[in-house]
Amino acid sequence: MQILRLLTVATGLALAATTALAQTTVPGVPRNETIILENPEGTIKNPGWFNIWTINAGGQYTGLHQLALDTLWYIDPERGLDGVWENSLAADKPIYNADFTEMTVKLRPGIYWSDGVEFTADDLIYTVETQIKNPGMRWSALLALNVESVSSPEPWTVRFKLKRPNSRFHSLFTVRFNAIWIMPKHIFEKAADPQKFNFNPPVSLGAYKIHSHDPDGKWYIWQKREDWQRTTLGRYGEPGPKYAAYIDPGPPDKRVIAQLNHNLDVVHDIAPEGMFTLSKQSPSLKTWFKNFPFAHPDPTLPSVIFNMQNPAFQNRDVRWALALLIDAKAVSMASYRGAATLSPIGIPPTGTHPDDYHIPLQDWLASYEIDTGKSKVKPYDPNIGNQIADMLRPTMKEQIPTDPTEIRKAFGYGWWKPNPQAAAELLEKAGYTKRGNAWHTPDGKPFSIKLMVEGDSRPILTRAGTMIVQQWRQFGIDAKTEVAQGTMLDRRNAGDFETLISWSVETYGGHPDLSYFLDSWHSQFVAAPGKTQSPRNWQRWSHPELDKIIEEVRRISFDDKRTVELGREYAKLIVREMPIIPLMAYNVFTAMDETYWTGYPTAENPYANPVPNWGNSRSMMVKLKPKQQ
Amino acid sequence: MRAYVTYLSKRLVQFAVVVFVGINITYLVTHMTPIDPVEQSISAATSFGSTSPEAIEMMRQSLRQLYGLEGSPWEQYVSFWKRILVGDFGPSLSAFPTPVSQLILRALPWTVGLLLVSTLLTWFLGNLLGGLAGYYRNSRILRAFGVISMGLKPIPYYVVALMLLIIFGFLWPILPISGGATMASDRSNTLAFALDVAVHSILPVLSLMAVGIGGWFMGMRSLVSNVVTEDYVIYAELAGVKGSRILRSYVMRNALGPQVTGLALQLGAIFNGAIITEYVFGYPGVGSLLISAVHAGDYSLVLGITTISIVAVSATVLLIDLLYPLIDPRVEAH
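Which chain is which? The protein sequence lines are A and B, in order. Okay, so the first sequence: first residue is 1 according to the working numbering, each after it adds one. Okay, so the second sequence: first residue is 1 according to the working numbering, each after it adds one.
Check the hints yourself; a few may be wrong.
What the hints assert, rightly or not - Quick list of in silico lysine to aspartate or glutamate cross-link-like pairs, EDC-like style, CA-CA up to 20 Å:
1) K409(A) / D355(A)
2) K196(A) / D88(B)
3) K531(A) / E54(B)
Rather than coming from a laboratory, the hints here were simulated on the basis of the structure.
Required output: the full structure, derived from the provided sequences and hints.
What follows is the structure in structure tokens.
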């Protein structure tokens with residue numbers, strides 16, 4: 001029994017000893033000078049690897065591409081620090097010749113690497129030539145396909161001769177999320193093999209340099225450069241935080257706990273329920289929207305994607321019937337607990353897109369008519385946002401906006417009214433019949449649909465898919481969800497699905513040009529059935545009108561006003577053809593804590609996307625101010 | 001002695017067969033998975049970024065060459081065994097070109113440290129308290145401990161882990177809730193770093209002990225309950241031998257045999273990692289590495305980890321088999 005007493009005392013002493021130790025203290029790095037951000041990549045398997053020019057070899061969102069690297073241009077998905085377009089290492093916009101076979105770049109002088117070496121045209125040329133010479137590098141294929149030669153006809157000028165006309169060549173060097181980052185020639189030219197060189201410690205071109213990193217890949221700390229003025233971010237002023245730590249805070253519950261304990265300033269993303277907990281318990285919480293739905297709508301568009309090579313979905317009436325069976329309010333509640341920003345068109349309702357597309361298309365959408373064969377219906381409901389707001393008001397009370405403009409920004413600019421009658425008529429028009437409670441295909445088989453969802457790794461979209469399947473089943477379709485888990489990417493790429501909840505639309509957000517995703521939707525890139533489809537036309541859809549739009553986009557410049565008109569034509573075509581059923585923006589529940597820092601980007605001050613793994617989240621650093629002195 | 005040599009030879013052959021079959025099964029399973037490491041790498045490298053379908057096709061071909069995935073299945077299989085036999089697991093496909101062995105060696109000390117401590121502590125305390133509970137059957141404290149440990153045992157592990165996180169990480173935030181050590185801690189200061197690691201391991205160890213101790217406790221209590229009724233124990237009591245000596249030398253020692261076997265098997269299994277523990281507590285071990293490798297379709301890494309695990313478990317079983325005839329005269333070497 002003495003042993004038992006000894007054990008009790010020892011346990012007590014051990015617990016008492018640990019009381020003195022704080023949960024997150026960073027020796028030598030003062031907390032009030034440090035911003036701690038979540039790295040959604042989690043633990044980095046290969047922590048000492050900073051060579052981002054190799055494919056998937058080390059961490060990317062560890063602060064490396066946000067704070068240490070730089071490239072020619074940035075497009076902000078919101079409004080930007082000084083406009084959406086930012087000339088970063090380039091002094092001006094790209095200059096193309098008349099037929100888009102040459103692109104000239106004027107470089108910004110006076111920018112230095114963190115080891116004191118000046119950035120020059122040689123670095124840009126080296127970046128391009130090295131990747132062309134080494135086919136296994138990250139941007140090798142893109143550069144090899146496009147670049148005939150690259151040269152510097154005069155200091156601070158680089159000229160690309162292209163293998164074929166490409167009016168969007170500059171987009172390879174334009175950060176939306178990332179881009180081709182510039183390599184330090186003076187470092188890499190000493191490496192025997194650039195593909196086997198770990199670039200550790202990295203020299204940086206950004207305003208921060210590496211301070212330290214976890215040998216086990218849990219955290220990276222970056223320190224503000226003393227010569228931050230000699231970086232491209234320097235012209236916006238001095239970055240606020242002296243240190244920035246990108247960490248793996250663990251599963252969602254722990255992120256909530258860490259922020260409530262003020263040990264994590266920026267949570268990248270959590271489930272809506274986690275955000276609701278923070279909004280109730282954390283007085284220092286800052287979110288994109290001041291109130292519900294809190295989240296930042298990313299320029300990505302989760303949709304129901306039809307496999308258009310499957311005969312079951314080749315009839316437009318069938319696709320429209322399935323869209324009219326969806327109750328978007330229920331999907332919004334099931335997926336985001338009501339915090340979804342809906343979009344009826346194939347463009348995410350975020351950044352500047354509502355001004356360019358959603359608002360101007362309202363009249364067209366309201367008058368859009370479907371001929372079911374028995375009747376003509378106008379399916380658009382511009383008031384769905386109000387209805388969602390009304391549904392949420394009893395529980396979320398004053399957190400729900402009342403201003404109609406705010407409601408549209410938060411919940412979207414409308415969606416399709418559920419209309420089972422019209423859906424039934426459309427199916428009948430397509431030759432389908434209803435026997436008892438079950439619908440049958442024209443050849444007499446039960447109408448069955450499998451909707452593939454990702455599962456636990458993407459719970460919000462899985463919940464959306466489950467709700468849609470339930471709605472289809474209630475109508476008499478034998479619908480089922482298929483949980484793909486880790487096989488999602490492979491099955492999506494191989495076309496091994498009937499329908500799928502995912503996204504094939506990603507845009508700049510801050511710029512109306514849609515070529516970022518739309519170019520890959522050209523029929524020339526649609527894989528044959530059974531072959532692997534390359535991004536992003538997962539629906540494997542082709543249409544002559546779409547090809548015409550894309551080909552015209554290719555012929556005009558990025559900033560041509562016609563891009564918006566062509567974008568609207570694309571949006572109308574998607575409504576008519578419905579190869580995907582667009583649902584909503586990919587809302588990211590980024591939670592920011594104001595205990596140590598203020599000045600985060602919000603819907604009221606949208607100078608940047610707050611989601612911390614985006615390359616352009618670097619803008620945040622110059623706006624952040626310390627709260628505690 | 002000849003009998004023992006024959007026994008040894010048989011067991012060694014058995015060991016080699018088990019390892020060979022185990023590695024082959026793992027090879028088959030990993031190569032039959034629909035997750036393609038090339039597609040995973042392409043997706044990770046191109047998601048959110050500007051790209052073109054033609055470039056992706058070129059990248060796909062380059063990666064197949066780079067990852068050594070070209071050639072017939074038989075050629076790949078032969079090349080795999082050639083490498084395995086010299087202890088080379090090849091480069092990781094999800095952290096190319098870093099060798100798999102380098103990734104495993106970085107994670108292994110954390111897992112082994114955590115699981116060795118928790119397994120030994122759980123085993124020691126469970127058996128000690130179980131032994132005491134079987135011997136001192138009227139002790140209220142031990143009965144209460146029995147009720148608590150048996151109550152915790154059926155609760156799913158992750159629930160216990162989350163409860164501990166909420167209690168010691170949020171309601172009474174005295175313990176670190178994530179990682180193996182404090183951010184930016186000085187690893188050259190060995191003592192301070194060891195203390196830091198120990199503090200970070202308290203919650204994971206506690207969670208593993210909470211659900212693991214009940215089994216050992218119950219097993220040992222039952223064994224001791226049987227042993228105390230043996231004639232030699234009763235005789236010792238009648239002969240006036242001190243209670244503590246009876247417990248230590250007559251009861252516990254005789255009851256420990258099956259528990260030692262159980263311990264050996266558990267020690268062998270520590271190379272698998274504790275996947276849920278490492279996930280919940282953000283511990284940088286082999287379990288997390290294995291899960292990330294499975295998700296990325298990195299079969300080089302999966303094979304590396306499972307091969308080590310197969311060899312470790314088989315070696316432990318072999319060791320027990322070899323030692324038993326020497327330790328326990330009731331077991332004969334045939």
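Unmet hints by their number, sorted upward, for this structure: The structure conflicts with no hint, since it agrees with every one listed earlier.
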